[in-house]
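Quick mapping for you: the protein sequence lines, in order, are chains A and B.
In terms of this note's numbering, the numbers along the first sequence are unbroken and rise by one, the last being 198.
In terms of this note's numbering, the numbers along the second sequence are unbroken and rise by one, the last being 336.
No lab work stands behind these hints: they were computed from the structure.
It cannot be assumed that every hint is accurate.
In silico negatives: residues of chain A with every beta carbon more than 12 Å from chain B [what the hints assert, rightly or not]:
| id | residue |
| --- | --- |
| 1 | Gly37 |
| 2 | Ala53 |
| 3 | Gln55 |
| 4 | Glu73 |
| 5 | Leu101 |
| 6 | Leu106 |
| 7 | Thr113 |
| 8 | Pro121 |
| 9 | Ala122 |
Computed cross-link-like contacts, SDA-like style, restricted to lysine to any residue with a CA-CA straight-line distance of at most 20 Å [said to hold, decoys possible]:
| id | chain 1 | residue 1 | chain 2 | residue 2 |
| --- | --- | --- | --- | --- |
| 10 | B | Lys307 | B | Arg268 |
| 11 | A | Lys150 | B | Leu303 |
| 12 | A | Lys141 | B | Gln294 |
| 13 | A | Lys186 | B | Leu48 |
| 14 | B | Lys44 | A | Tyr185 |
| 15 | A | Lys141 | B | Ala301 |
| 16 | A | Lys82 | B | Asn149 |
| 17 | A | Lys2 | B | Arg268 |
| 18 | A | Lys141 | B | Leu306 |
| 19 | A | Lys2 | B | Thr223 |
| 20 | A | Lys141 | B | Asn262 |
| 21 | A | Lys155 | B | Pro309 |
| 22 | A | Lys141 | B | Gln227 |
| 23 | B | Lys116 | B | Arg132 |
Only part of the chain B face toward chain A is listed, based on derived beta-carbon distances under 7 Å [claimed, not checked]:
| id | residue |
| --- | --- |
| 24 | Ala60 |
| 25 | Gln227 |
| 26 | Leu263 |
Ideal Cβ positions, reconstructed from N, Cα and C, are used throughout, including at glycine.
Below, each chain spelled out in residue letters.
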Amino acid sequence: MKLYYVGVLDNTKQPALQLCAAHELSDFSRFTRTEYGNFMTMISKTVAERTGAGQRQSVEEQDYVVHCYARSEGVAGVVITKDYPHLAAHSVLSKLMDQFLSEVPLATIQAATQDGDVSFPALQNYLNDFQDANQASSIAKIQQELDDTKIVLHKAIDSVLQRGEKLDDLVAKSSDLSSQSKMFYKSAKKQNSCCILM
Amino acid sequence: MSRALDQETVASLKKGDPVAAYQTISNLLVSPYDNLLEIEILGKTHLLGEGQYVVQDGCAVGISKLGLVQAFMVARKQLRDHLDGITPQTDDEVFAATAVILLFDPEYLTATNSRKRLIQAEIFSGGGAYARLEKEKRFVDSLLTSRLNRHTKSPTLWSHRRWLLGMFPSSGVPVDMLGDIRDVVFVAGERHPRNYYAWCHARFLMGLERSNNLPDILAAVQTWCFQHHTDISGWTFLYYLLNTEGCSGAETSSSTFTEVLNLVSSLRLANESVWVFLRTLAGSRLVGDEQYSQFLAVQAAVLETLKTPTDQAVLRAAADWCETYRHKSGTRLAGV
Chain A
1 MKLYYVGVLD
11 NTKQPALQLC
21 AAHELSDFSR
31 FTRTEYGNFM
41 TMISKTVAER
51 TGAGQRQSVE
61 EQDYVVHCYA
71 RSEGVAGVVI
81 TKDYPHLAAH
91 SVLSKLMDQF
101 LSEVPLATIQ
111 AATQDGDVSF
121 PALQNYLNDF
131 QDANQASSIA
141 KIQQELDDTK
151 IVLHKAIDSV
161 LQRGEKLDDL
171 VAKSSDLSSQ
181 SKMFYKSAKK
191 QNSCCILM
Chain B
1 MSRALDQETV
11 ASLKKGDPVA
21 AYQTISNLLV
31 SPYDNLLEIE
41 ILGKTHLLGE
51 GQYVVQDGCA
61 VGISKLGLVQ
71 AFMVARKQLR
81 DHLDGITPQT
91 DDEVFAATAV
101 ILLFDPEYLT
111 ATNSRKRLIQ
121 AEIFSGGGAY
131 ARLEKEKRFV
141 DSLLTSRLNR
151 HTKSPTLWSH
161 RRWLLGMFPS
171 SGVPVDMLGD
181 IRDVVFVAGE
191 RHPRNYYAWC
201 HARFLMGLER
211 SNNLPDILAA
221 VQTWCFQHHT
231 DISGWTFLYY
241 LLNTEGCSGA
251 ETSSSTFTEV
261 LNLVSSLRLA
271 NESVWVFLRT
281 LAGSRLVGDE
291 QYSQFLAVQA
301 AVLETLKTPT
311 DQAVLRAAAD
321 WCETYRHKSG
331 TRLAGV
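Build out the structure end to end from the sequences listed, making use of the hints.
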C-alpha cells in the first residue's frame with residue numbers, strides 16, 4: 001500500500017493549477033524520481049480537469065491509481081496510490097478537502113496563479129500518516145458511509161480523456177514535463193517486464 | 001532495465017574507451033562502503049557526458065548502460081583468460097572483474113563460483129573471515145536490493161547468498177536474522193513482488209540458527225504483509241512463522257488472525273492473496289471454533305459490499321475451501 005502523491009488543485013482553470021502538493025518518491029530510484037514526480041503532477045492535473053464538481057473518480061493506470069474528489073467550491077483533491085483500496089483513498093480525500101476548505105480562504109485560492117502558490121503544511125502529514133495500512137484502515141472504518149457506487153472507476157487513463165485525445169499527445173504537449181522527462185516516458189513504456197501475468 | 005541493446009547503443013559500443021569504463025565501474029564496485037549501494041542503470045535519457053560512466057550521490061549510484069556493456073566485455077575476457085591460464089589475475093582483479101560481470105548478468109554462474117573459490121581459499125588459509133564474508137554480503141545485498149529488475153529475483157545471486165550465509169556459523173560470524181529479513185528480504189520482496197527466491201531465503205535463514213527474536217520477526221513480517229497485502233509470498237511466510245515452534249503460541253495466532261480480519265473488514269480487501277492466507281489459517285488447528293465463526297461473519301459482510309464477480313468468487317472460494325478442508329489432517333497451504 002503506498003501513497004505517492006497528495007495534492008489540491010484548482011480545476012476551474014485550464015490547465016488546472018496545483019495549489020499545493022506533496023510527493024513520496026522514495027520508492028523510485030535516485031536518478032529517476034524527479035521524472036516520476038513531474039508525471040504525477042501532470043497526471044493529477046489531467047484527471048482533476050476532467051472531474052466535475054461534486055464528482056469522485058478513480059483512474060487505474062498499470063499499477064497505479066489516481067483518485068480525485070472535486071468539490072463544488074472549484075477545488076479538487078488528488079491522491080496517487082498503489083494497492084490502496086479505493087474507499088480508503090476517497091476517505092482520505094474527504095478528510096483532506098474538509099480540512100483544506102476550512103483552513104484556506106477562497107480569496108487565497110482565487111488569487112493563486114502558479115503551482116505551489118497556496119501554503120497548506122498539513123498536506124505533508126496526510127502523505128506521512130496515511131501510508132500505513134492501519135491508519136488507512138481506521139479512516140475507512142470512520143467513513144464507512146462513503147458509498148463506493150458514487151466513485152466513477154476508469155480502467156485506464158485514456159478513458160478519462162476526450163474522444164481523440166491520447167495520453168502520449170498530452171505528454172508531448174505538457175509544460176510540466178522537461179524534454180528529458182518526455183524522453184523518459186517514451187523509453188519507460190518499452191521496459192521489459194517478467195511476471196507479466198501476475 | 002532490459003539487456004536488449006538498441007541500434008544507437010550498438011553503434012556507440014564501437015566508440016569510447018571500454019577499458020576506462022571497466023576501470024571506473026569496477027573501482028566503484030570494489031571500494032569499501034559501510035552501507036549498501038543503491039545501483040541503477042541509466043539509459044540514454046540520462047545524458048551523461050563523454051567518458052562519464054558513473055554518477056554518484058552518496059550511496060546512490062547510476063551507471064550508464066553503454067559503459068556497463070563495454071565494461072562487461074573487458075571483464076568477461078579478463079575472467080576467461082584468467083581461468084584458461086592465459087593471463088593469471090590477482091585475487092583483487094578477479095573480484096573486480098566478476099563484480100562487473102554480475103552487475104551486467106546476474107546469472108553468470110562462473111563469476112559467482114570464482115568468487116566462492118577465492119573466499120573459501122582465503123578463509124581456509126586463516127585469513128580474516130569476518131571482513132571477507134561481510135564485504136561479500138554487502139556486495140551481494142547491494143545487487144539484491146537495488147532497483148535492478150533481474151537481480152532482485154536472480155536464482156544465481158540468491159543461491160550465492162545462501163552459500164555465503166551458510167559459511168557464517170562455521171566461521172564464527174554472527175547471523176542477524178531479523179536484520180537480514182528486514183533489510184534484504186523485505187526490500188527485494190518489494191522491488192520484485194511475489195519473490196519466490198527472497199522468501200525461500202527467509203526460510204533458509206530461519207533454519208540456520210536458533211534465534212531469540214522470533215516474536216520480533218513475526219511482528220515485522222505481519223507489518224510487511226499489511227503494507228503488501230496483495231503479495232501471496234509474504235502471507236505464506238507469515239503462515240509458516242505461525243506454524244514454527246517457538247515463534248508463536250495459540251495467543252499470537254489468535255491475535256494475528258483477528259488483526260488480519262479487522263484489516264480485511266475495514267478496507268474491504270478482496271485480493272486472492274490475503275484470502276488464501278485467511279482460509280488456510282481458518283482451516284487449520286490454530287483457529288478455534290469461535291474465531292472460525294468470526295471469519296465466516298467477516299467473509300459474509302465483505303462479500304455483500306463487493307461489486308465485481310471476480311472479487312466475489314475469491315471470497316466464496318475461501319468459504320468453500322474451509323468447508324472442505326477445515327480440520328482435515330495434514331492441511332497444506334494451497335496455491336503457493
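Status of each hint after checking the structure:
no. : hint                  : result
1   : Gly37                 : 15 Å, holds
2   : Ala53                 : 25 Å, holds
3   : Gln55                 : 18 Å, holds
4   : Glu73                 : 29 Å, holds
5   : Leu101                : 26 Å, holds
6   : Leu106                : 34 Å, holds
7   : Thr113                : 31 Å, holds
8   : Pro121                : 26 Å, holds
9   : Ala122                : 23 Å, holds
10  : Lys307/B <-> Arg268/B : 11 Å, holds
11  : Lys150/A <-> Leu303/B : 19 Å, holds
12  : Lys141/A <-> Gln294/B : 18 Å, holds
13  : Lys186/A <-> Leu48/B  : 18 Å, holds
14  : Lys44/B <-> Tyr185/A  : 12 Å, holds
15  : Lys141/A <-> Ala301/B : 13 Å, holds
16  : Lys82/A <-> Asn149/B  : 19 Å, holds
17  : Lys2/A <-> Arg268/B   : 17 Å, holds
18  : Lys141/A <-> Leu306/B : 16 Å, holds
19  : Lys2/A <-> Thr223/B   : 14 Å, holds
20  : Lys141/A <-> Asn262/B : 10 Å, holds
21  : Lys155/A <-> Pro309/B : 16 Å, holds
22  : Lys141/A <-> Gln227/B : 17 Å, holds
23  : Lys116/B <-> Arg132/B : 11 Å, holds
24  : Ala60                 : 4 Å, holds
25  : Gln227                : 5 Å, holds
26  : Leu263                : 5 Å, holds
Of the numbered hints given earlier, the model fails none.
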